[in-house]
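When you get a sec, could you build the whole thing from the sequences and use the hints?
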Amino acid sequence: MRNLYIFFVVFTLLISCAEEDPNLVNPPPPYQSIRIRLLNGFSGNENIAWGFAGKPLSNAVGYLSLSTPIMPPPYDSITVDFFQNNKLVFSSPRKIRLVRETRYLIIAGKSFKDGNDIDTFMVLSTTYGLPKKLGKSYFKFVNLIRDSNIKVSLIEGCPNGKPLVSNVPYFSFPFLQTIPYGNHTFSLIVNNGSQQILSNIYTLNFLEDNEYTLFVAQKRDGNYALYLYDDYDTTLTNLIELIPIPERNAFLRVANFSSEAIAVKRLPNQELAGNIEPFSITKYLNFVTCESYLPDSIEVGSSSERLVFGYSYEVLKKYTLLVFDSTLGSKKLIMVPPLKIDKPTDGKAVVRVVNAFDTSFSITLSLGTRPANNSLGYTSGEVLAANLKSGKISDPVAISSGYLPLTLFSSTEPAFLINSSYTNVEPNRAYLIVVTKSVNGNFELSIIEDNQEDTKIVSIDKGYFAQFVNAFSDNPNLIFSISSILPNVKLGYKETFATVLPTNINQISVGGKTFSLQIDLNNVGLFIAAGKNNLDLFDISIPSMGKERSSYRRRFFNASPDIENVGIFNDSARKNVVVSELRYGNSSKIETVRLERKFSLVFFNNNNNKIVSQFNDIFLSFGKNYTLVFTGTESKGFSLIVVQEY
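Counted the way the numbering used here counts, the sequence shown spans residues 522 to 1167.
Hints are not guaranteed to be accurate.
Taking lysine to aspartate or glutamate pairs in the EDC-like style, the calculated list, with each CA pair at most 16 Å apart, reads [as the list claims (entries may be wrong)]:
id : residue 1 : residue 2
1  : K786      : D751
2  : K852      : D879
3  : K631      : D597
4  : K1068     : E970
5  : K657      : D751
6  : K838      : E677
7  : K852      : E826
8  : K1015     : D995
9  : K1053     : D1092
10 : K838      : D751
11 : K1131     : E1102
12 : K869      : E970
13 : K1131     : E1085
Calculated from the structure, these hints are not laboratory results.
Written out as structure tokens, the structure reads:
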């Protein structure tokens, strides 16, 4: 039997070995994963081939043409030889070290030395180990214009934009450049020593994680051209001469949040829009840009003032100019640039936030609890903008489409709830949420979709901020359902969720039982699910307890059906009374505490004067408001849920 077992094990191992991947057992040599191409950057009349050890390996190609990719000889380093008509015309004095899984581009060229033959080259390679899925693309830039007086720059957008590479001389290239993937506009600037010349403007679509080479060269007809080479593309059509953009227009719409009509013109004399009514949005207005190395100047005029500001635009891109009244006197202008995102949105909505409220503190705009396709049925804690200062624009955030319960807080410690609103967003659309001051001086939110034109600005509806607490110990996974905005929230025992409700919501289902809701925007909502066997939902919503940094405010709620009348003390001797009597389903009066320290709470059953539970080392912070919910049963134990109110 033992011999039979050994035979079975050996037989199994032999089968397993037979099925192993040969590439793992005997990995291919490194050179088999390498590909090399030749780019002819020598403007002579003869075609050029690349080779090694005196033997041509590639096909011969003409000026500004690519050879087919080839696998190198089985060596870890090679020399570079160039051939014309199968005749060796250049052999490099140094070797190139080859690295597995790398793509090489050999560029043949001519230095400024005397003679008419090829006498130099450069080798560009892909970069091993670049990070993936970060929303980035990578490129190298090479100047192949053989003129010692000429240097070339690549500028993002118009000539007055941000330089990506500057003053690159012939046969040189800067370090690998990193750029967000997607569509980009570039200006090619040629510096001939005495002046800078805008050669052309191009638009490119960079794919995520791809690595490219851009090079500028002088064609046979004497004109300069920009070429794109995909470092990993092995096709013969890989090398692309980019077509310059024939039109140099940018697009601008104006959203007038101010209290008077305005007019907008591009200086010196191009009127873009006149008599833009208060709280209205224009259509996208097109104007010619990229005409100067200086920013374009835009004038915003009203009956009371004229404001001029400069801005660098990109051709074919859309911009939004926001105009506001300001407590500082002159109107406030905020230019919203085109949307640029680092990652694919995959059917989501993209949101940016603009803080146009004149405040000394920053703001945070976040989302309350909303539906999600997960085991709990909800998501929470999504932040659209954090610590956003006045006059600033947040980075774009991609979120799931649908209902947005918006909560606006001060970015202070402690944070104060400033505004609760709600709206909806659609998939594959981009939005601006603008925080402004209303006529009565309060915070107000508006939403503008990126394609929205020629319409009125409408404020987002105010909503009801409400928190829900599961203090029902009989059901550790209680289901809350609030119409379609939160159809299936699974809330564990002693857990809470907060959201913003539309004012027309009048009922809620908890644990399959329907309860009516009374919404009063003067209150801050707090609902406690409690009971034993039979579920109760208690509405203990009240107006805000206020804000005071030198104290905190608290109240207590009895959610324990087993203790019909509870007494709360700071000690077991019942000397320091906190709340003498608190019946099930009731809350205590609000208490202001001006001593910030740890404390204990002892809960007595007033019906028999026995201690039912004690909680130690409780700490509540100044400047905040709390409701302390006593819950549980004698059989399952008692708990204290601390709920922060706003």
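- [ ] Could you check the structure against the hints above and give me the numbers of any it violates, in ascending order?
- [x] Of the numbered hints, 1, 3, 4, 9 and 10 do not hold.
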